[in-house]
Each structure stands twice: as structure tokens, then as C-alpha cells.
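K.L.:
Heads up: the protein sequence lines correspond to chains V and W, in order.
Residues 1 to 414 in my numbering are what the first sequence lists, from first letter to last.
Residues 1 to 414 in my numbering are what the second sequence lists, from first letter to last.
Treat each hint with caution, since some may be false.
[Claimed, not checked] Derived DSS-like pairs (lysine-lysine); straight-line CA-CA distance at most 25 Å:
no., chain 1, residue 1, chain 2, residue 2
1, W, LYS100, V, LYS77
2, V, LYS389, V, LYS399
3, W, LYS5, V, LYS277
4, W, LYS414, W, LYS344
No lab work stands behind these hints, which were simulated from the structure alone.
From a predicted model like this one, the values you see are computed outputs, not experimental measurements.
Protein chains: 2
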Amino acid sequence: MRQSKLFSKITRELPKDEASFNAQILIRAGFIDKVAAGIYTFLPLGLRVHNKICNIIREEMNEIGGQEILMPGLTPKDVWETTGRWGTFDALFRLAGSDKKEYALGATHEEIVTPLVKKHVFSYKELPAYVYQIQTKFRNEKRAKAGLIRGREFSMKDLYSFHETEDDLNEYYKEVQKSYFKIFNRCGLLNLTYLTFASGGAFSKYSHEFQTVTEAGEDQIFICDDCQIAINQEIIEEQKGCPNCEREELRQAKAVEVGNIFKLRTKFSGAFNFNYKDKEGEEKIVEMGCYGIGPSRVMATIVETSHDGKGIIWPEEVAPFRVHLLRIGQMDEAAIKKVDSIYKELLEAGIEVLFDDRDVSAGEKFTGADLIGCPFRLIVSEKTLSQNKVEVKKRNEEKMELVSFGSLIKFLKK
Amino acid sequence: MRQSKLFSKITRELPKDEASFNAQILIRAGFIDKVAAGIYTFLPLGLRVHNKICNIIREEMNEIGGQEILMPGLTPKDVWETTGRWGTFDALFRLAGSDKKEYALGATHEEIVTPLVKKHVFSYKELPAYVYQIQTKFRNEKRAKAGLIRGREFSMKDLYSFHETEDDLNEYYKEVQKSYFKIFNRCGLLNLTYLTFASGGAFSKYSHEFQTVTEAGEDQIFICDDCQIAINQEIIEEQKGCPNCEREELRQAKAVEVGNIFKLRTKFSGAFNFNYKDKEGEEKIVEMGCYGIGPSRVMATIVETSHDGKGIIWPEEVAPFRVHLLRIGQMDEAAIKKVDSIYKELLEAGIEVLFDDRDVSAGEKFTGADLIGCPFRLIVSEKTLSQNKVEVKKRNEEKMELVSFGSLIKFLKK
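Just chain V, with the same shape it has in the complex:
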């Protein structure tokens, strides 16, 4: 994409009324816009990153048998009354329609997915079933000061699993754990992300969170550096020490919950009378699990954990563009055409390029490229052109390298 055509701009000014680092830098670099506290618009660059994170999650969910659906944001009161959560779920936005019918804005979707799957699944032959969506959630947060980490509106991937037995649920629960680590690896968060033991509610000793260590985190976790797992604050009192090796010396750190997995067991299948017929024809209750990851929160966490003083450093798989091509200095028409042809060649090779073809100073282009944070910065000037070369620099390295036109695509693809 030609940067001269991009309507959204980089700004030097720190946004007003925005305390969170991730939102500040994403606004300055032109990835998002703030509409109200905890409510943001994704601009073209931000939407590209968000879509890439969603597609990584989608691929990994499909890999473990997930079937994608899309449930509504507007959910009727009666299903929340069935589970007893209408009056107790604090973060529900509640509203009334012109027909006086009351709704909640979906903050989670157990109340929708359970009766849905019940309509389609009757027998052990149809189990297990794995259903997920990537959808906009709404939560009536009292404070929303952490940028994209805690929004009143945010994106969520929520997977729900349905099983014949607790054993089968337990097996799948482990499979989702592995899948989540693959996702966080592809998003560049693996090294800072810990499987964290949390309270399991009434049904299970533990549930698990995936916590990424960052000063921007609103949670406290306690890490066992031997086992590379952690426990959260909720259970530190009862569970003194590592649940694996029982080591008592744990390292405290601030962290963001980027994912969670939970054995719901029969809490929701019970409320909706969701039974199945087993091999002997007997009615049995369905066992359930639920598994969340917030793509917009993951995006914010990447920014919080991967930046320097100059800007964002996007991991390769989630970067808005792989290459930021800068045309530097005054050029005659022939030279401008040559840079255009390099841009076209890269596109034709299937490389995603943001092309800074604007008539602004070299300094402004360098500053912008560092702020936006694409993995490769390519500079073409009269000087590099005279050598039939392009200057290449990786965003996360200091080293610059002159690469000849002929070997550029091979260099960028490796």
C-alpha cells in the first residue's frame, strides 16, 4: 500500500485522556482511534494486525477440530435467567427494546451456545463437538484505563467443547493448552507467557490462565522458574508453592491474562437440560469446557512487550506489512519510476509492502518506520540506486545491509 494514499496519519502528539502505553503508541502510529474510554476504532494498519491475529487463532482452532460459527451480540434476557446470571453478572450491559423486551449485550456466550448445540446433538455418535466464534464482546467495565487490554468493547475468540465424559473433556482440555501455546508462539509472546493455575470454581480443582508478563498487566502472578508455570493471586493463599514441584520460592510479576481455559463440566448443560443418549440408550448429561483468547488484548500485549524507545517491533506473523519501503531524498522522474518498479516487484512476489512514497523529509520517514514497526525497513535513495542496491535493516537489529536488486526478494522471503 502506498502511504501517500493512507488516510490515517502518524502523529507526534501524545493523545489526550489516554493513560495506557499500548493505546498511546497505537494511536500515535495510526493503528487505532479512541472513541470513548475502553472503546476504539481499528484503522487500516490496526485492522491488518487484528485480522492476522484472528487468522492465526482461526487456523489453530480448525486444527483441533473447531467449527466456526457467529453468535449475536444482542442476547435475550430469558437465557440469562435460565442460568441465574441475569442478576449476578455485574459486567453485563442490559438494555430494553421498543417492544419492552430486555436484552444483554453478550459478554460471554455459554447462554447462547448451549441451547444451540442442544438443538443439533442428541446422541453419543455426535459427540464430541467443538464450536467457536471470533466476535465482538461487550463488558460494562467500571474502569477502562488499560487501552486495548481491558475494553468495554473488544474482540474475543470463544471455543466451547461438548463431551460424553469428564475423561474426554480432560483430554481435549490438554489439547487446547498445546494449541494455545502454538498461538502465543506465532504471536511472539511465548517467552513471556506462563500457564497459570487459577481457581477451578465448584467443579474442578484448577482452571488455567495464560498470563503474559508485562508491567502493564493488571494481574499478579507467582512464577516457578524451574517448571515455567505460575499460580495466580486468587489461589496463592491456599496453594502455597508450585503445583508441580512444590517449590515454595516463587517470583512475583505483573501480567496480562491473554487466554483462559475452564472446565465448565455440567454447569450450563445442567441448566439447559442438555442430555445425550449413550451407547446403551441411556440419557446422560453433556460435559462442557470453554476456552477464550482476546485478539485485541493479544495485540495490546504484543505492543506492551515488544517495543523500544522509537516504536513498536511487530513479530513477523502479525506485522501489518512485512516490509516498509522508504523512498528517500529528491529524485528525478526516472529514479522515481525505478522505485515504483521495485515496489511492484515485491508485491508480485507476494510480499506485503507499505511504500512510503510521500514528499516528506528523510527524518520524518525514518521516525515513522520505527514507530510503525514493520520487520524489514528498505531504503532506496539516489545513492543506493546508483549501485543497483537497496539498504535493508531489520527493525529489531542495528545492522544495515546493502542488498542488490536481483537478490532482494530471496533475501526478504527467507
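Here the structure of chain V is known, so what remains is to put chain W in place on it, guided by the hints.
P.N.:
Here is chain W on its own, set in the frame of chain V:
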């Protein structure tokens, strides 16, 4: 995809409490589920169709310079007060947060996009700008009885254009008209869809709707069969006769508004003081246009206009799968393996296949294939296997053809 793995099922029963044909058949065929009046979940088959329609729209919007963004569903009261619509827009869902702050659920996004683009565009050099999103909209409809045609929650592509002059707006407005016809052509709706003159409000003599003729339509239009254009009921009184040839004899028909385009002129730029600096450095007001298409409504309109007594007939570009492969009759293991290998070959050739590998009767499979409505039905039985052939039938033709394994992929790709 293997149909034995698909959690959602076909049902013979007519859904209760659903008066609309499009919703009835989409529910029966397992494309959607009804959550409440005007509120639906997209199941795997339905989400595939919906995504294809969205991607057609996305491609055509990008083709005319559109830049994709994503605005929020939750919109603060103050921007609606700025334009005076908080109190007058009947279909707004209004709600309050725990901080007593009031919000509307986005029913349209002029109030969000205008201040957004104002933050990024200052000079004539940055105009025109074209910004669109594909997003979930909410409308507090008094009656929602038309299935996906009029939902309380529905998907919408909304494009907004920003111009220096009225002339430039007029030019782009014509370009969007052409783009919309390309979209409706790709969605199989071209033959039934008319550019329809509607009231232009205070600023412009006319706006335009794109109306698709169907008995399921809630609108009445008046078609000039010479010019292939129409006028809507709103202006039939003042505009007697065709606006093009002035022919007075018009054919009345029921229709669904699948798209609309509107010259907003300075209504919203004025309310938000959105000015730009022209070449002479003078402050001028920005001219705006807005252009909508509802993908979920388009999906319903396709169903209403393209079906027979047996089920849906999807146009090729929006079908959930290109091919429905049916394994018919009892088979030994070797034969089953052979059908599996045909399925894999098709997938490897990049053909989208729904594979009915279930152990149910041939009749049930035929009925299901007609109901779901993929463009090609492939039958493999012991008999066709013995001839190294597959029986191919197009959904919209009666003719069946035996095609040899070797030429199958070529046959399906053409």
C-alpha cells in the same frame, strides 16, 4: 468438509415462530439458528456464505479505493447530540454504563466516521478519502418478521466518502453505482435488481436505492421496463413517471432494498466542523457521501430469489461449497477408501467440497443436497465406481452426466 463431522444438522421440521421463508429454509438446511425475533446465529454453512458475500463486497470496495477500518458497536451519546440524532433516531438502542455514561448501539456510523476522518485529513492534498467497514449493526425494530431481511442485529458494509467539491462527490457517487452492480452481479442478483430513485432529503433531488424484486420484499417499487430503472413509493406522488424517459406506465413490484447510496453533502461535516484547506489556503467544508450494503440481507435475498420446491440454489460465487459429494449405498472398505481418495483429490485441486460420508439412506442424502443447494452434486456408488466414473448434476439443471475420474477436476473447474 466431512458432513459426518458437521455439528449442525438438516431438519425436516418447519421452525416454530418463524414466518419468513428465508429464515425457515436457512434454519432447516442448517445455515442459521434463531436466537430471538430478528436475532440469528450463523452456523458453519451460513458463516461460509456470509463470508463469501463480505469478501466480494470487500474486493469491490478496495477496487474503488476504499480503505477498510472497523468502528465500534458501542457509541457515546455526545456525538449523537452533536448531530441532533440522539432524540430523533427511533431505531437507536440506547443504554447506560455503570458510570452512568449513556451509549447508543451503532445503527449507522456517520457520527463516528466524521470526527475520525477529521482527525487525519486537513488539506486538499489528502482528499478524496474513502473509508469503509463491514460490521455488526443494531436497530431497535418494532417488528422483525422478515428473517435476515430485517434483523435487530445484522451485518452492514458502510462506505463513507469525503471530497473537496460537490462535483467530485457526484463523480464518485457514479463510480459506486457501477461497483454496486458488479457486487450484485457476483451475488447472482443482477437480473432482479433495479437502480431505484428515492428521496434525496434536503440536499439532493434524489438518492438511490438498489431494490431486488421478490414477493418477500417489504417495499413497493415502480419499474420502467424500457430504462430498467425504478422509483420508490416515497417519491411516486411527486415524480409521476420514469425519471429517465418520462414514461408514465410503470410496473409495480415488491422488492427488498439490498443497497443504498446517498449524498450527505455537508450535513455531518457541518455538524462536526470538518473543514479542509484548499489550494489557496482557504478553509472549505468537506462534502460527504455514504453507501450501504447489508451482507446478511443480501444472503436472505439470494435465498428468496433463488430456490425451488426442494431447496436453495446458490449462485456459484456465494455457495457454501462448490461441490456436494455424496457416497451412496453400502460399500466395502476398498470402495469407501476409493471415495475418500476422490474427496482428497478434489480438495488438493483447490475445490471446496462438502462430503456426505454419513451412514444414512440415499434418499436422505439427495434431499439434503437439494436443500443445501451447492452448485454441483457428485454421486459415487458401487455402480459408478465399477465404471471409474462419478455422476455429476448441476443444482439448477435436471441433466445428469457420468464423468470419468480422470476428467472430473477439469470438468468442475471450468
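K.L.:
Is the hinted pair W/LYS100 and V/LYS77 satisfied, with a Cα-Cα distance of at most 25 Å?
P.N.:
holds (21 Å)
K.L.:
What's the verdict on W/LYS414 and W/LYS344, does the C-alpha distance respect the 25 Å limit or exceed it?
P.N.:
Within the cut-off at roughly 19 Å; holds.
K.L.:
Within 25 Å, alpha carbon to alpha carbon, are V/LYS389 and V/LYS399?
P.N.:
This hinted pair holds, its Cα atoms lying about 16 Å apart.
K.L.:
Mind checking the alpha carbons of W/LYS5 and V/LYS277 for me, to see if they're no more than 25 Å apart?
P.N.:
The given pair, whose Cα atoms are some 18 Å apart, holds under the 25 Å limit.
Checked against the numbered hints above, the structure violates none of them.
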